[in-house]
Amino acid sequence: MKKVYINSIASISSQRTYDNSMFLDEITDYNASVIFAQDPDYKQYIPPAAARRMAKGIKMGVVASKIAMDEAGIETVDAIITGTGMGCMIDSEKFVSAIIDNNEQYLTPTSFIQSTHNTVAGQIALGIACKAYNFTYVHSSISFESALLDAKMQLENDEAQHILVGGVEELGEHTTKVHCLINHVKPESVTISEVLNSKTEGAVFSEGANFFVVSNEKKESCYAELVAVETFNTLKKEKVSRTIENFLEENNLKATDIDVVVFGNNGDVDFDGYYNQLSEGIFSKAQQVYYKHLVGENNTVSAFGLWLASKILKTQTIPEIVKINEIKSSEVKTVLCYNQYRGQNHSLVLLKKC
Amino acid sequence: MNNDNTNKGVAITGMGIISSIGNNVAENYEALINEKKGITRVENVETIQRDEIMVGEVKYTNDELIAQLNLPPSNNYSRTAMLGAIAAKEAIADAGISDIKKYKTGIISGTSVGGMDMTEKYYYEYLTEKESQKYIESHHAGDSTQKIAEQLGIEESMVTTISTACSSAANAIMLGARLIKSGKLDRVVVGGADCLSKFTINGFKTLMILSDTFNTPFDENRKGLNLGEAAAFLVLESDKVVKAENKKVLAYVKGYGNANDAFHQTASSENGDGATLAMEKALKVANLKPSEIDYINAHGTATGNNDLSEGRAILRVFGEEMPEFSSTKAYTGHTLAAAGAIEAVYSVLALRHNVIFPNLNFKTPMKEFSMIPQTELKQKELKTILSNSLGFGGNCSAVIFSKEA
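First to last, the sequence lines map onto chains W and R.
Here my numbering is used: position 310 in the first sequence is 310, and no number is missing along the way.
Here my numbering is used: position 284 in the second sequence is 284, and no number is missing along the way.
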């Protein structure tokens with residue numbers, strides 16, 4: 001089996017992360033319960049006429065994929081695999097509301113066509129004329145990890161050499177509104193320093209796109225080796241520690257071997273306990289970091305967690321703003337990402353320094 | 001693939017289905033051999049398009065499905081999830097599985113509609129009515145799979161959903177086979193589910209590819225597709241499980257390929273580049289020559305664009321060595337994300353009974369080529385079948401099923 005490397009990264013998020021030469025050097029603070037992605041200069045990447053037809057998620061996905069491919073120094077890939085939990089919300093909402101508002105009359109196909117979950121992957125393929133394998137996973141908070149696992153299997157078996165993998169979500173106005181009603185969105189505005197201690201239900205909803213080129217050959221730009229990915233549809237809180245220990249054991253590691261653990265805390269008082277028990281438990285000696293206070297919660301935001309882990313491994317620096325605790329270690333060699341959403345769809349991603 | 005099981009098929013040990021031509025595998029088979037179509041006017045969806053379209057509809061109402069699954073009144077199952085649960089349960093029973101936790105078992109499902117049926121019903125009501133708000137969480141595509149997993153008792157495992165439009169379920173089968181081959185899972189339930197919705201009815205209507213009468217795949221005068229709803233699942237098991245449990249194997253997933261047409265967001269390229277590549281890849285994985293395929297279950301949606309593009313792709317791959325081919329969409333309508341799984345079940349039935357199901361409603365050959373589908377039920381010794389699934393976003397997939405590993 002071949003080893004798998006993360007050769008490039010790209011992130012469009014609520015922070016200014018689309019510039020790979022920076023690493024959370026400037027932080028944008030918010031006081032909100034819904035935060036939008038910061039736009040890169042789309043014109044630089046997509047002809048304006050084409051960009052006008054694209055909803056934000058498509059634009060973010062296409063541009064993030066270009067940034068990732070540029071950094072990896074490749075023109076095409078052997079597979080394009082995306083994850084999106086909610087899909088193309090803006091066009092879906094447009095088409096559903098048009099159906100209802102006009103009683104199924106005077107409809108045009110554009111928003112229907114673009115509402116399909118695989119629109120982003122399809123548009124990326126069209127943009128680079130890539131006829132290769134093209135998959136889209138749509139399973140809530142493990143959508144991205146499913147894509148990553150698929151890519152990893154192909155690379156390990158040498159069925160592909162370079163694969164573009166990414167996660168993308170866009171905010172839809174109506175969808176956000178109804179999720180406020182069922183308390184999935186925080187009832188009050190919070191600043192980034194307040195998120196973790198908000199002691200309220202729900203999360204700060206957000207959007208973004210995080211793309212990576214993963215390969216079975218190590219490029220100069222390499223960020224990390226992707227060692228293992230696993231997902232779980234269910235996992236009881238009291239079984240999380242044991243499950244993580246088993247996962248590490250399968251990779252010949254112990255919890256104490258993990259230098260940095262990337263947690264998916266989002267400040268939801270009902271579900272942050274999944275992470276807190278690990279902070280105080282098996283990972284009490286590890287440097288713990290988090291990121292959802294900076295970029296909010298969405299179904300593929302765990303791809304931002306991978307972005308963060310990759311950056312830490314490559315730069316060997318950890319921005320103060322993401323630290324939960326303070327553990328000094330001379331070198332960051334092994335990083336574990338753990339995420340879940342509302343107690344379901346858990347994921348573990350294990351990385352090593354390359 | 002680098003290992004020695006490159007050409008070895010993955011065992012299919014059970015299957016389940018619910019479609020407009022039957023509520024289980026046996027009923028579907030009966031309808032197929034008796035040439036009984038399931039295409040009617042729509043009954044369960046309130047739509048002003050009712051008199052302008054024909055659909056392949058499962059005639060159970062949601063309440064009847066809830067009763068069948070014994071769900072509590074507080075449930076928030078979309079119709080997609082219910083259809084999926086019924087088919088998946090049949091597949092598990094058919095595979096003789098009583099203890100799902102005995103082996104590492106996952107589920108991969110394909111869907112395009114997901115919970116859209118409830119979203120479109122309660123879209124504005126959500127803002128004011130507490131009672132309907134339970135369905136907000138069932139909108140996203142993964143929710144249907146999560147619920148099917150729960151119905152089967154699959155826990156702490158790999159459960160995921162693929163949405164690549166009309167090739168979703170074929171891709172779920174492909175991923176499942178790869179997960180078994182790589183040893184990630186011992187057993188995996190693969191397939192897809194999609195219900196009818198105003199969203200898809202009106203969507204395809206705006207694309208002007210819905211027929212106002214019975215769909216006629218590969219016919220010169222085809223007028224478009226009939227939408228359908230359905231769910232189907234297959235149980236794939238590793239050689240280890242098959243041996244340990246002395247399992248009866250129904251057929252094997254022998255090859256698979258996915259490629260992108262990279263031509264247009266919804267239309268297929270004139271020469272079917274994506275479909276050609278997908279079939280070629282599948283043949284390569286199966287280590288078979290085109291001449292070794294005994295029957296092609298075509299995607300054949302009966303739209304002007306699909307049948308021409310797919311027909312040309314089949315010609316490119318098979319040329320003079322064209323086996324019999326037919327589309328079963330005239331029976332079921334186009335069941336979107338579920339289609340690949342529906343047709344996988346039909347392919348396995350064809351292999352097991354050595355019979356080719358007819359391409360109904362065909363009269364006039366297309367002027368662009370001389371391809372004539374099999375229009376009558378035909379007995380033939382079948383060893384290998386290739387099944388195509390082609391979707392929006394240029395997504396093209398081919399899966400090869402075989403009698404022997």
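Read the hints as simulated data drawn from the structure, not as lab findings.
For each residue, glycine too, the CB sits at the ideal point set by N, CA and C.
Warning: the hint list may mix true and false statements.
As the list claims (entries may be wrong) - Capping the alpha-carbon separation at 30 Å, the derived lysine-lysine pairs in DSSO-like fashion look like this:
hint, chain 1, residue 1, chain 2, residue 2
1, W, Lys-236, R, Lys-223
2, R, Lys-243, W, Lys-237
3, R, Lys-184, W, Lys-3
4, W, Lys-94, R, Lys-101
5, R, Lys-102, W, Lys-177
6, W, Lys-236, R, Lys-101
7, R, Lys-121, W, Lys-236
8, R, Lys-281, W, Lys-2
9, R, Lys-184, W, Lys-2
10, W, Lys-131, R, Lys-101
11, W, Lys-2, R, Lys-130
12, R, Lys-130, W, Lys-177
13, W, Lys-352, R, Lys-104
14, W, Lys-199, R, Lys-130
15, W, Lys-199, R, Lys-281
16, R, Lys-223, R, Lys-104
17, R, Lys-104, W, Lys-3
18, R, Lys-223, W, Lys-239
19, W, Lys-131, R, Lys-243
20, R, Lys-281, W, Lys-254
21, W, Lys-333, R, Lys-184
22, R, Lys-281, W, Lys-3
To be verified - Covered by chain R, according to a simulated footprint, are these stretches of chain W (three or more residues, beta-carbon under 8 Å):
hint, stretch
23, 41 to 53
24, 223 to 237
25, 276 to 288
Okay, the hints, checked on the actual structure:
{"no.": "1", "hint": "Lys-236/W to Lys-223/R", "result": "52 Å, violated"}
{"no.": "2", "hint": "Lys-243/R to Lys-237/W", "result": "36 Å, violated"}
{"no.": "3", "hint": "Lys-184/R to Lys-3/W", "result": "17 Å, holds"}
{"no.": "4", "hint": "Lys-94/W to Lys-101/R", "result": "43 Å, violated"}
{"no.": "5", "hint": "Lys-102/R to Lys-177/W", "result": "43 Å, violated"}
{"no.": "6", "hint": "Lys-236/W to Lys-101/R", "result": "16 Å, holds"}
{"no.": "7", "hint": "Lys-121/R to Lys-236/W", "result": "33 Å, violated"}
{"no.": "8", "hint": "Lys-281/R to Lys-2/W", "result": "22 Å, holds"}
{"no.": "9", "hint": "Lys-184/R to Lys-2/W", "result": "16 Å, holds"}
{"no.": "10", "hint": "Lys-131/W to Lys-101/R", "result": "39 Å, violated"}
{"no.": "11", "hint": "Lys-2/W to Lys-130/R", "result": "53 Å, violated"}
{"no.": "12", "hint": "Lys-130/R to Lys-177/W", "result": "14 Å, holds"}
{"no.": "13", "hint": "Lys-352/W to Lys-104/R", "result": "27 Å, holds"}
{"no.": "14", "hint": "Lys-199/W to Lys-130/R", "result": "24 Å, holds"}
{"no.": "15", "hint": "Lys-199/W to Lys-281/R", "result": "53 Å, violated"}
{"no.": "16", "hint": "Lys-223/R to Lys-104/R", "result": "46 Å, violated"}
{"no.": "17", "hint": "Lys-104/R to Lys-3/W", "result": "25 Å, holds"}
{"no.": "18", "hint": "Lys-223/R to Lys-239/W", "result": "56 Å, violated"}
{"no.": "19", "hint": "Lys-131/W to Lys-243/R", "result": "39 Å, violated"}
{"no.": "20", "hint": "Lys-281/R to Lys-254/W", "result": "41 Å, violated"}
{"no.": "21", "hint": "Lys-333/W to Lys-184/R", "result": "26 Å, holds"}
{"no.": "22", "hint": "Lys-281/R to Lys-3/W", "result": "24 Å, holds"}
{"no.": "23", "hint": "41 to 53", "result": "violated (count 0)"}
{"no.": "24", "hint": "223 to 237", "result": "holds (count 6)"}
{"no.": "25", "hint": "276 to 288", "result": "violated (count 0)"}
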